[in-house]
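Chemist: Sequence:
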Amino acid sequence: MKKNTYPTRRTSFRSSFFASVLAVLLILSFIHPSAQAISDIEVNSARALLMEPASGEVLYAKNADEHANPASLTKIMTALLVLEYGNLNEMVTVSTSALEGLHPAGSSADMKIGEEMSLNHLLYCILITSGNDACNVAAEHIAGSVPAFVNLMNTRAKELGCENTHFMNTHGLTQDDHYTTVNDIYKIILEALKHPLFLEICNTASITIPATNKSEERYFYTTNHLISPLKVPDYLYPYAKGIKTGYTSAAGHCLASSAEKNGLFLISIVMGAEKEEETGRIMSFVDTKNLFEWAFSNFSYQTVISSKEPIVEAKVRLAQDTDYVVLNTSRSVEALLPNDFDPADVEREITIYNEDEITAPITKGQKLGEISLTYKGRNYGTLGLVALNSIQRDQVLYYMDRVEQFMAQKWVRIALFGLAALLVIYIIIVIIYNSRRRRQQRSSRYQGNSRRRRR
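The opening position of the sequence shown corresponds to residue -7 in the numbering used here, with each subsequent residue numbered one higher.
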């Protein structure tokens, strides 16, 4: 089962022409701009991914498995390991080795050798101001050394199924053999989101780091212009929540972000975006905002199949006042789909268990089959088909069926055949016996008559 008015000759050419144009414009006015296909969205970034994590639905993908330098998106993995292995209340002391080898032009939280700071505040320095120094300080505290922490990053990436990722440092500065993909960054983000503090920090527009033994209070502002207009007001997007920016000349502009609108939560990752020379627009923010707006305008949760919908009728034997039962699904299925989704386009593969042997009584909710749902090549699962209502058994039909089944048994047929054969033999014997007896009687009468004549 699946799924006139005509112009008169007096009408001038000019009036006909304008009437046609008006009709076309009227038709076009009813075409909603959101009715565009997925391929219609223009994304300038070299790589992009838009996901709905609740269902795992891929709304948009561009070069999603292509290796690229992630720049500071690397810090998402660094932050994840801090959350997993660290005690955020512990105080951390900045060592000389933690600050060695950092590029002086790289982003920094202005950490000083010997400075003491809580791991919690280090995490804010990593995710908000994108401090490369804070990453190494936290890494040494967690793993004992930066190289040991990097090994931990790669091990964790493998555990999360990141098959196209390899880290060489904690912060994302350009380095040979340091790469990942938007698909793998998405997997890391999903794991990080299991920690509520992660998104809370990522969505913080500014933070005041308390004074330490080496520094006065520091004020840091997010580098994510989608969530704060303090530095650049042009990109503010009210539905955005975090997550992390990144930039190097090799990586281009990168941005991982999430957004929520009308109960729909989305994750976007773009990498390799450019900054337009003429306008100065940073396309990572433009692309991300466009992707979110496009998705929120074109997609919504739709009912693929409803548990209230009668799906199929199945024949029922020995039922009272009916010979079939109506089946529906054990539960409804909803999915994020285009707004113009038509349930009639869903392919349904129905299987009825023991289709010719379903016998009353049937209990409401009893599973009698299953249905598999597919829409445009994606399988939306297999559901049980259950009885919509109970069906009573007809006792007369039941007993007649019992007799019929009894008579249909092989040994019964053999026994009946044997009895029939015995009956035939008995009849034959009786016929033969009676025939002989009659002959004997006739012979006796004949002999008796003969003796009387001789006398």
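It is worth saying that the hints were derived from the structure and are not from the lab. Keep in mind that a hint or two might mislead.
What the hints assert, rightly or not - Below, a list of computed lysine to aspartate or glutamate pairs in the DMTMM-like style, where the Cα atoms sit at most 25 Å apart:
#1 Lys356 <-> Glu305
#2 Lys150 <-> Glu285
#3 Lys233 <-> Glu107
#4 Lys223 <-> Glu151
#5 Lys368 <-> Glu341
#6 Lys179 <-> Glu209
#7 Lys179 <-> Glu208
#8 Lys300 <-> Glu285
#9 Lys253 <-> Asp32
#10 Lys54 <-> Glu155
#11 Lys186 <-> Asp168
#12 Lys179 <-> Glu305
#13 Lys253 <-> Glu268
#14 Lys54 <-> Glu82
#15 Lys186 <-> Asp226
#16 Lys402 <-> Glu349
#17 Lys186 <-> Glu49
#18 Lys54 <-> Glu209
#19 Lys368 <-> Asp334
#20 Lys206 <-> Glu108
#21 Lys186 <-> Glu326
What the hints assert, rightly or not - Label-pair restraints from in silico Cβ distances:
#22 Asp334 <-> Asp57: 27 to 35 Å
#23 Lys150 <-> Pro45: 29 to 37 Å
#24 Phe257 <-> Lys223: 24 to 32 Å
#25 Pro45 <-> His158: 23 to 31 Å
#26 Pro221 <-> Phe257: 21 to 29 Å
#27 Asp169 <-> Pro225: 46 to 54 Å
#28 Asn112 <-> Asp169: 26 to 34 Å
#29 Glu49 <-> Ser207: 27 to 35 Å
#30 Phe409 <-> Thr355: 21 to 29 Å
#31 Ile342 <-> Gly272: 29 to 37 Å
#32 Ile342 <-> Tyr418: 52 to 60 Å
A virtual CB, placed ideally from N, CA and C, is assigned to each residue, including glycine.
Chemist: So, for every hint listed, does it hold in this structure?
Modeler: Status of the hints after comparison with the structure:
| no. | hint | result |
| --- | --- | --- |
| 1 | Lys356 <-> Glu305 | holds (14 Å) |
| 2 | Lys150 <-> Glu285 | violated (33 Å) |
| 3 | Lys233 <-> Glu107 | violated (31 Å) |
| 4 | Lys223 <-> Glu151 | violated (38 Å) |
| 5 | Lys368 <-> Glu341 | holds (14 Å) |
| 6 | Lys179 <-> Glu209 | violated (35 Å) |
| 7 | Lys179 <-> Glu208 | violated (38 Å) |
| 8 | Lys300 <-> Glu285 | violated (33 Å) |
| 9 | Lys253 <-> Asp32 | holds (22 Å) |
| 10 | Lys54 <-> Glu155 | holds (18 Å) |
| 11 | Lys186 <-> Asp168 | violated (31 Å) |
| 12 | Lys179 <-> Glu305 | violated (44 Å) |
| 13 | Lys253 <-> Glu268 | violated (29 Å) |
| 14 | Lys54 <-> Glu82 | violated (42 Å) |
| 15 | Lys186 <-> Asp226 | violated (31 Å) |
| 16 | Lys402 <-> Glu349 | holds (20 Å) |
| 17 | Lys186 <-> Glu49 | holds (19 Å) |
| 18 | Lys54 <-> Glu209 | violated (43 Å) |
| 19 | Lys368 <-> Asp334 | holds (11 Å) |
| 20 | Lys206 <-> Glu108 | holds (8 Å) |
| 21 | Lys186 <-> Glu326 | holds (24 Å) |
| 22 | Asp334 <-> Asp57: 27 to 35 Å | holds (31 Å) |
| 23 | Lys150 <-> Pro45: 29 to 37 Å | violated (21 Å) |
| 24 | Phe257 <-> Lys223: 24 to 32 Å | holds (26 Å) |
| 25 | Pro45 <-> His158: 23 to 31 Å | holds (24 Å) |
| 26 | Pro221 <-> Phe257: 21 to 29 Å | holds (23 Å) |
| 27 | Asp169 <-> Pro225: 46 to 54 Å | violated (39 Å) |
| 28 | Asn112 <-> Asp169: 26 to 34 Å | holds (32 Å) |
| 29 | Glu49 <-> Ser207: 27 to 35 Å | violated (46 Å) |
| 30 | Phe409 <-> Thr355: 21 to 29 Å | violated (41 Å) |
| 31 | Ile342 <-> Gly272: 29 to 37 Å | violated (58 Å) |
| 32 | Ile342 <-> Tyr418: 52 to 60 Å | holds (56 Å) |
In terms of the numbered hints stated before, the structure departs from hints 2, 3, 4, 6, 7, 8, 11, 12, 13, 14, 15, 18, 23, 27, 29, 30, 31, listed from lowest to highest.
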